[in-house]
Each structure stands twice: as structure tokens, then as C-alpha cells.
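S.K.: Sequence:
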Amino acid sequence: MTLRLLDTLSGQQRELVPLETGHVRIYSCGPTVYGPAHIGNFRSFLFADLLVRYLRYRGLRVTWVMNITDIDDKIIRGAAAQEITIGEMAKHWTDRFLADAAALRMTPPDVLPRATEHIPEITTLIASLLERDHAYRTEDGSIFFRIASWPAYGRLARLDPEQLRVGERVEADEYGKDDVRDFALWKGPKLGEPTFSTLLGEGRPGWHIECSAMSMKHLGPSFDIHTGAVDLIFPHHEDELAQSEAATGLPFVQTWLHCAHLQMAGSKMAKSTGNIERVGDLLGRGISARALRYVLIAVHYRAPLNYVDASLVAAGSALERLDALLAALAAYREDGPDDSGLADLIAGTRAGFERALDDDLKIAPALAVLFDCVREVNRRIDARTLSTADAEIVTSFLHNLDRVLGIGPDPVDDGLTPDMEALLEARAAARTGRNWSESDRLRDELAQHGIVVEDTRDGQRWRRLEEHHG
RNA sequence: GGCGACGUACCCAAGUGGUUAAGGGGGAGGUCUGCAAAACCUCUAUGCAUCGGUUCGAAUCCGAUCGUCGCCUCCA
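Per my numbering, the very first residue in the first sequence carries number 1; after that it's consecutive.
In short, the hints are calculated from the structure, not lab data. Beta carbons: idealized from backbone N, C-alpha and C, even for Gly. Certain hints may be false.
The list that follows gives simulated cross-link-like pairs (lysine to aspartate or glutamate, EDC-like), each with its CA atoms no further than 16 Å apart [unchecked claim]:
| hint | residue 1 | residue 2 |
| --- | --- | --- |
| 1 | LYS190 | ASP110 |
| 2 | LYS177 | GLU139 |
| 3 | LYS271 | ASP281 |
| 4 | LYS190 | GLU202 |
| 5 | LYS74 | GLU202 |
Pairwise CB distance ranges (calculated) [to be verified]:
| hint | residue 1 | residue 2 | range |
| --- | --- | --- | --- |
| 6 | GLN82 | GLU277 | 21 to 29 Å |
| 7 | THR417 | GLU193 | 50 to 58 Å |
| 8 | SER149 | ALA351 | 47 to 55 Å |
| 9 | ASP309 | ARG132 | 38 to 46 Å |
| 10 | ALA389 | VAL111 | 36 to 44 Å |
Start from the sequences and build out the full structure, keeping to the hints where you can.
M.R.: Shown next as C-alpha cells:
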């Protein structure tokens with residue numbers, strides 16, 4: 001196991017050595033459930049998914065925690081506007097998020113903690129910050145982190161705290177903060193806002209503190225990997241890092257991973273600008289979820305991903321290439337001897353695939369190796385050098401790689417209706433009788449039902465045609 | 001203004017000092033096929049934003065210029 005990852009904090013690639021032998025603990029910043037996540041959000045979740053899948057493929061135990069932020073300003077405002085509770089609003093969009101995630105084959109995280117279910121952990125953490133004088137109360141019952149008490153502040157984002165531009169987006173002091181750069185750990189009660197009665201008094205948690213409290217609750221005070229998109233580096237992760245280490249005195253995270261943004265029409269996809277494409281909308285337009293997943297994971301996580309509609313079509317075609325190979329292997333029958341070169345081909349492909357992903361999850365060379373293997377196997381199918389047993393070996397090898405990628409065809413795809421089975425049988429019979437016009441007619445009819453029929457040396461072969469276009 | 005990422009073919013995208021610049025998509029031609037489809041074969045960047053420099057050798061290192069994007073307390 002020699003996975004190397006580029007850590008945001010050190011700026012260096014570092015080898016993953018789990019704090020607990022054989023067990024990798026990962027925390028990913030998840031969605032704030034005030035509306036539907038867009039495909040840019042899912043890029044950051046799916047890059048974490050790829051990491052988790054790869055570690056498990058490599059035989060490591062992984063505990064993956066992804067938070068659900070179910071209380072914040074936007075949820076409160078949105079719920080008020082719709083005259084529902086924040087709980088109802090959060091439930092609705094959490095369900096939607098989980099449905100989209102499942103469609104995109106995101107591995108279900110082991111824990112999906114909610115902020116509102118961790119108020120005791122949050123307040124205990126804040127209390128210890130108060131105790132250590134890293135935090136202070138203001139008159140309205142709010143509690144702020146004192147940046148001046150933490151010299152390392154700004155290291156993650158490589159920002160000089162002195163240089164933060166006051167006035168542009170740093171609000172002038174409305175709560176009586178000691179320093180305008182100090183951030184809220186706890187927000188005092190306000191009319192019309194939900195509050196919790198706690199050992200700190202009335203109020204609700206700030207944004208950053210929930211991730212510190214929930215990650216440490218479920219993974220311990222020090223864990224291996226923390227993921228998110230680059231826009232979370234500052235202030236969210238900077239604040240998390242400061243308050244966590246200030247509270248425990250222990251190193252918080254071994255490796256910070258941040259993915260670049262997905263761009264559309266030349267700029268960052270963001271809910272605030274409306275420059276967005278949602279998973280549900282795309283699937284509703286008939287886009288294949290597999291193709292969308294492929295598009296979202298096929299570019300290295302630290303490179304900007306430029307989303308264009310054409311990339312879905314290209315991804316769909318690439319997937320059909322894989323599907324066609326698997327269908328050919330499933331139908332392949334040859335009594336000859338085993339292919340003497342197959343073991344080397346598989347070993348070389350596996351080695352290349354792992355070498356690429358070990359290097360900071362370089363997905364592009366991994367896919368290149370996979371498609372090289374696809375071409376080579378197709379050659380051997382054409383040349384009939386594989387045995388029937390070889391075909392099964394290749395199939396299970398490809399399925400094994402797909403544990404990492406998650407782009408293979410749906411396993412239970414044999415739901416042929418009796419009508420379709422009858423059409424296939426009729427066509428096979430027509431071909432046996434060399435009745436070409438009838439067999440061509442049946443091929444067209446099957447195509448209209450989304451079933452592609454191909455004639456091969458191994459007989460008539462069929463597979464489903466997925467919709468990849470909008 | 002500060003910090004950072006990036007610019008490779010028609011599109012997406014690897015490669016970061018040394019054989020013919022991966023892979024996917026698209027396009028052209030061919031083989032196979034009753035016809036198709038799929039598959040396979042051949043072709044599709046003497047050149048990597050531009051200009052200089054270092055070097056025996058540069059897409060890769062250095063400098064400058066042009067352009068794109070992001071962060072600098074809403075953010076995946």
C-alpha cells in the first residue's frame with residue numbers, strides 16, 4: 001500500500017500511513033440541505049467516493065463520515081419562506097441528496113451525522129475552547145473564536161490574517177466581536193430563529209464547529225483524511241483546523257484533500273449564481289447516470305473540470321465500449337486451449353491501474369490502461385485465442401476494477417419481458433432459415449424497444465442501449 | 001491589491017528533462033458481415049498559448065508576455 005496524496009496543508013505529497021494500522025478514517029464535508037445539490041457538488045462527493053472505493057479495493061478498512069448540515073442561515077430562511085420547519089426542509093433535501101447519490105453510485109458513507117443531532121458534542125467542544133481562552137462571549141449570547149489566540153491561523157489557506165481585507169466581505173462588527181476576523185462558534189438566540197437550550201445558554205451552532213464536533217465524535221480527535229472542494233479551504237477548513245487543535249491540543253487531520261471546481265460556461269458552478277446543472281434534471285432528461293458519473297470522475301480531482309453537454313455523449317460512447325466487451329465475453333464460447341498471454345495482460349493492466357491511482361488518484365492513466373486492455377481483449381476475441389474459461393477470467397477481472405470505478409453495467413439487467421424474448425427467438429429462427437428481410441425487421445423492432453442485436457460467431461447477441469443524450 | 005491553479009489535436013484529457021506526445025470521443029479509409037452493428041487495422045498535433053533563456057537534449061526547468069479560472073469570512 002503506497003498511496004500518495006497531495007496534502008493541502010503541507011503542499012506536499014505524502015504517503016498514506018493510517019494512524020490506526022489497516023484502518024483509514026475519512027471525513028468529507030457533505031451538503032447543506034437547503035436545496036438540490038448540483039453536479040459540481042457531486043464532483044467533490046464522488047472524488048471522495050473514488051478514494052474510499054480504491055482504499056477498500058486495496059484491502060484497507062475504511063470508515064467514511066459525511067456530514068449533513070441541517071441548520072444554517074439558508075435553511076432557516078428557506079423554511080421560513082415556505083412556512084415549514086427546518087426539520088421538514090432538511091428532511092426533504094436530505095432525501096433528495098441521498099437519492100441523487102445512489103443514482104450516481106456513490107458509496108453510502110458509514111455515518112451521515114446531522115448537526116442538529118450533535119448539539120451536546122458541539123457545546124462541549126465550545127465550552128472547552130472557552131475554558132482555554134480561545135473563545136469569548138459577546139453580549140447577545142454569541143461565542144466567537146479568538147483568532148489572535150491561534151498563531152497558526154491562516155496556514156491551511158496560505159493567507160496572512162493581517163492581510164484579510166476588512167470591509168469587502170468581512171462584515172463590520174455587528175455582534176461586538178473583539179476582532180472582525182473572529183468567527184462564530186455559537187450564535188445567540190434571535191427572534192424567529194430556532195434555538196437550543198444548552199449548557200452555553202440559548203442559541204444555535206455556527207457553521208464550522210459542527211464539522212469539528214462530528215468528525216471528532218465519529219473518528220476521534222486525530223484522523224487520516226479530510227476532503228472537500230477548494231472553496232472550503234477558507235474559511236471553513238481553516239476554522240475547523242484552528243478550533244479543533246485549539247480544543248484538543250492534538251493534530252487534527254493527517255491529510256487534507258481538496259478538489260477543484262467544476263466549471264460550466266467558463267465559470268464555477270454555484271447555486272448562488274444560478275449557473276448550475278442538477279442531477280435530477282439531467283436524469284429526468286434521459287441522461288444515463290453512469291455517463292454522468294463517468295464525466296464527474298474521469299478528470300483528476302485537482303484539475304478544473306470543464307462541463308459541456310458533449311462530454312456526456314462521449315462518456316456514453318466510452319461506456320458502450322465497455323458494455324459491448326462484457327456482452328461479447330458473456331456470449332463467447334471456444335473449446336480451445338487457454339490463451340497463454342492472458343495472465344500477463346491482466347497482471348500488466350492491474351499493475352498499471354494501481355500505479356496510476358497510487359499516484360494521488362491519477363484517474364486518467366488508470367482509464368487509459370483499462371481501455372488498452374479492452375482493445376487487447378477484443379483482439380483476442382476476434383482471433384479466437386481465448387478459451388471459454390479465459391472469457392470468464394477477464395470478466396471477473398474487469399468487475400474487480402469496476403469496484404473502484406463504479407461505471408460498469410447494472411448487474412441485474414436481464415429483465416427481458418416475454419415479448420422481447422419471443423422477438424429474439426423469432427429473429428434467431430429467421431436467421432437460421434436465412435430469412436433476411438424478416439430478421440432485419442425484427443432487429444428494427446427490438447431496437448425500438450432499446451435492445452441492440454448483433455450477430456456474431458457466437459450467435460445472436462443482445463444488449464440494452466442506454467440513453468446518453470438529453 | 002494578495003495568494004493559487006491552468007493554457008497539449010475538432011472536443012475531453014494524460015504526459016512535468018531523453019525512444020515514434022497516452023487514453024476516450026468525433027472524423028476519414030479499410031477488414032469482417034447476407035446487410036448491419038460490434039470489433040479489429042490504418043490515418044487524423046514535426047508539435048504542446050507566445051517570445052526569450054538554460055541544456056548535448058525542453059510540452060516538461062527558468063524568465064517575461066498574453067489569456068482563462070479560483071480563493072481572500074455565503075460556497076462542494
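S.K.: Next step is simple, just say for each hint if it's right about the structure.
M.R.: Results for each hint:
no.: 1; hint: LYS190 with ASP110; result: violated, 35 Å
no.: 2; hint: LYS177 with GLU139; result: holds, 10 Å
no.: 3; hint: LYS271 with ASP281; result: holds, 15 Å
no.: 4; hint: LYS190 with GLU202; result: holds, 9 Å
no.: 5; hint: LYS74 with GLU202; result: violated, 20 Å
no.: 6; hint: GLN82 with GLU277: 21 to 29 Å; result: holds, 24 Å
no.: 7; hint: THR417 with GLU193: 50 to 58 Å; result: holds, 54 Å
no.: 8; hint: SER149 with ALA351: 47 to 55 Å; result: holds, 50 Å
no.: 9; hint: ASP309 with ARG132: 38 to 46 Å; result: violated, 53 Å
no.: 10; hint: ALA389 with VAL111: 36 to 44 Å; result: holds, 42 Å
Consistency with the previously given hints fails for numbers 1, 5, 9, ordered from lowest to highest.
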